[in-house]
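K.L.:
Please arrange chain B on chain A, whose structure you already have, making use of the hints.
Quick mapping for you: the protein sequence lines, in order, are chains A and B.
Just add 11 to the spot in the first sequence (first one is 1) and you have my numbering.
Just add 343 to the spot in the second sequence (first one is 1) and you have my numbering.
No wet-lab data here; the hints were simulated from the structure.
Careful, some of the hints might be misleading.
Said to hold, decoys possible - Pairs of lysine-lysine, DSS-like flavour, derived with a Cα cap of 27 Å:
hint, chain 1, residue 1, chain 2, residue 2
1, A, Lys98, B, Lys388
2, B, Lys388, A, Lys136
3, A, Lys136, A, Lys58
4, B, Lys447, B, Lys418
5, B, Lys445, B, Lys514
6, A, Lys136, A, Lys98
To be verified - Stretch by stretch, here's where chain A covers chain B in the computed footprint (C-beta under 8 Å, at least three residues):
hint, region
7, 366-375
8, 398-405
Bear in mind the structure is a predicted one, so any value in this text is a computation, not a measurement.
All C-beta atoms, glycine included, are put in the ideal place defined by N, C-alpha and C.
Listed below are the residues making up each chain.
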Amino acid sequence: MMDAILPPPVSPLPDHLITGNRGEQIACRFLQSLGYRILGRNLRLAKDEVDILAWDPADAVVVFAEVKTRSRMHGDYTPELNLTRQKRANMIRGARQWVTRRGWEGGYRMDLLCVAGGNVTEHIKELSWGEEQGRRRC
Amino acid sequence: MLTQLTSFATIGLSCERITVEVGAVAGEGAITIVGLGDTAVQESKQRVRMALRSSGYRYPTGRAVTVNLAPADIKKVGPRYDLPIAIGLLLVYDLIEVPPEKLKNIAFLGELALDGSLRHVTSVLPAAIACRKEGIETLVVPAVNGAEAALVPGIRIIAPDTLAELLSILKGEREPAQIAPPAAGAGRAASGVDFADVRGQEQAKRALEIAAAGGHNVLLSGAPGSGKTLLAQALRGILPPLTREEALEVTQVYSVANLLSSDVPLIEERPFRTVHHTASGVSIVGGGQIPGPGEISLAHRGVLFLDELAEFPPCVLEVLRQPLEDRRITITRAQGTVTFPADVLLVAAMNPPRFGGSVHRIKRRISAPFLDRMDLTIDVLSVPVEDLRQDRPPAESTATILERVRGARERQEARFAGLPLSTNKEMHVRDVRTFCALGSASESLLRQAAEKLHLSARGYHRVLKVARTIADLSGSVSIETPHIAEALQYRQNIGLDTAA
Numbered sequence: 012m013m014d015a016i017l018p019p020p021v022s023p024l025p026d027h028l029i030t031g032n033r034g035e036q037i038a039c040r041f042l043q044s045l046g047y048r049i050l051g052r053n054l055r056l057a058k059d060e061v062d063i064l065a066w067d068p069a070d071a072v073v074v075f076a077e078v079k080t081r082s083r084m085h086g087d088y089t090p091e092l093n094l095t096r097q098k099r100a101n102m103i104r105g106a107r108q109w110v111t112r113r114g115w116e117g118g119y120r121m122d123l124l125c126v127a128g129g130n131v132t133e134h135i136k137e138l139s140w141g142e143e144q145g146r147r148r149c
Numbered sequence: 344m345l346t347q348l349t350s351f352a353t354i355g356l357s358c359e360r361i362t363v364e365v366g367a368v369a370g371e372g373a374i375t376i377v378g379l380g381d382t383a384v385q386e387s388k389q390r391v392r393m394a395l396r397s398s399g400y401r402y403p404t405g406r407a408v409t410v411n412l413a414p415a416d417i418k419k420v421g422p423r424y425d426l427p428i429a430i431g432l433l434l435v436y437d438l439i440e441v442p443p444e445k446l447k448n449i450a451f452l453g454e455l456a457l458d459g460s461l462r463h464v465t466s467v468l469p470a471a472i473a474c475r476k477e478g479i480e481t482l483v484v485p486a487v488n489g490a491e492a493a494l495v496p497g498i499r500i501i502a503p504d505t506l507a508e509l510l511s512i513l514k515g516e517r518e519p520a521q522i523a524p525p526a527a528g529a530g531r532a533a534s535g536v537d538f539a540d541v542r543g544q545e546q547a548k549r550a551l552e553i554a555a556a557g558g559h560n561v562l563l564s565g566a567p568g569s570g571k572t573l574l575a576q577a578l579r580g581i582l583p584p585l586t587r588e589e590a591l592e593v594t595q596v597y598s599v600a601n602l603l604s605s606d607v608p609l610i611e612e613r614p615f616r617t618v619h620h621t622a623s624g625v626s627i628v629g630g631g632q633i634p635g636p637g638e639i640s641l642a643h644r645g646v647l648f649l650d651e652l653a654e655f656p657p658c659v660l661e662v663l664r665q666p667l668e669d670r671r672i673t674i675t676r677a678q679g680t681v682t683f684p685a686d687v688l689l690v691a692a693m694n695p696p697r698f699g700g701s702v703h704r705i706k707r708r709i710s711a712p713f714l715d716r717m718d719l720t721i722d723v724l725s726v727p728v729e730d731l732r733q734d735r736p737p738a739e740s741t742a743t744i745l746e747r748v749r750g751a752r753e754r755q756e757a758r759f760a761g762l763p764l765s766t767n768k769e770m771h772v773r774d775v776r777t778f779c780a781l782g783s784a785s786e787s788l789l790r791q792a793a794e795k796l797h798l799s800a801r802g803y804h805r806v807l808k809v810a811r812t813i814a815d816l817s818g819s820v821s822i823e824t825p826h827i828a829e830a831l832q833y834r835q836n837i838g839l840d841t842a843a
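So here's chain A without its partners, still in its complex pose (with noise of 0.2 Å):
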């Protein structure tokens, strides 16, 4: 399954990006090493993109991963905070999307996978979990 793993992107890329791509590329390690099956990386649903799709089978679930790397770790400054309402609706959209191109009917969830340090140092599970109703349907 590794092979479907991108090869790193040609250089020169500008800074943030070798750090975001050393992040999940420690995050698919992480990941592996809880029993999950990495699926592909950096996957582009129409306008939106997944860092990780992996296979969880303890849950049975697809998951749509979503890595924030920061290259230290700092006590205040943690990489979930990068996380904005609007990435994460994103996120649950694309996820969405995804599902529903394929006809997927079995279990899914988004997590967030925090790397700081060259470490994973946070694992949310289930971000959509617990909003109305209403709203997920969006």
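P.N.:
Chain B only, in chain A's frame:
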């Protein structure tokens, strides 16, 4: 995967069986609660999810859960469905296994805290009664509600402290603790004022004794400082204790009103509710969007005390007229109609016109039909200073008067055996004819008085009922002329010409 559990919703004092259906399909993780729940019901999903995690269960992701509270046309109120929803989720997620036939015989009520412990819920006693009526063997309630639920014999109560404790009981790993129904006399507090402490006022004391014996309404009229409030408080002590059935009735009202503490799960003392004259009509008779009991229902089988009667707005007093007559109150709202019991002994106190304002003003506030419902009207005179001297012998004590009141109540119960009556005030016109037969001398006295006092038909019957109580207090089988004469004496004019 589907599962069904049983719970109860409260409508007035009665309970409706609610089926909590929980179903889960693979999809985007969420809980949707349908079935006309209020905000507390909707918020239940957040509490349940956190409580399951705190109780050591992994909450599976990627499941779209639908919780249906059926029947869907009954409004569901409050957090009491947390517990059945949590158990339902564990069942559909295959995290616990309970045989379906065992589940059919269990009803659940309880609010979950985020740490997985169970919190107090209201209306447990009505739910336990409904549980027995529906033939459900076991009722699960939070530990703090255990004693209240145990008041109903014939059903098994499980009252765990936490969700984890309940699950180990359901799995059969642990036996539930036996909950003993509360012992009689546990919740009885001593009344504050003894009649021995009230100096003078022999006539008022006698009237209160009659009121306590027959359940008649009392109007105390007197100068400021003459002891009206003190007398009303002393009345509390001479009321006979509640019977077991009455105590259960009163406790149900308090359970629905969420006024029951876990220390005193059974109300054994007759309620004494004092209402301030700024109270609204709804707060007295009950109401609200989802109708709840008011002061008159909270005073059921006890005393409703209206101090400064002449200061109450007329509309507030008028709403009392119908429940005083019917001894129950029916509240109608858009949501539906509920009936609460309202069998009260009304005690009102006021300053007479010469102290409390003009006759005209008071008459505008207190209507003639309201005054007509006052069986015993007493002019409380100021106590002569001579009577207040410390070396005077104390008056008759509460215990002595209570003994006589009990005797009179026993005579009433013996007379009304087999009838749906317990006190003289509950007699209908037909019962009055049966039980209040008069001799010719008494008959003519009452007729003359009725003409002179311009008694209404209701007033006439009320005099007869009071005379019956006076006869019961004196141990007489029939109503004699002195009893009628004394009863008429309490229809005295207090400065308001009520006949006009």
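K.L.:
Evaluate each hint against the coordinates.
P.N.:
So, going through the hints one by one against the coordinates:
no., hint, in the structure
1, A:Lys98 to B:Lys388, "25 Å, holds"
2, B:Lys388 to A:Lys136, "17 Å, holds"
3, A:Lys136 to A:Lys58, "23 Å, holds"
4, B:Lys447 to B:Lys418, "23 Å, holds"
5, B:Lys445 to B:Lys514, "11 Å, holds"
6, A:Lys136 to A:Lys98, "16 Å, holds"
7, 366-375, "holds (count 6)"
8, 398-405, "holds (count 3)"
Checked against the numbered hints above, the structure breaks none of them.
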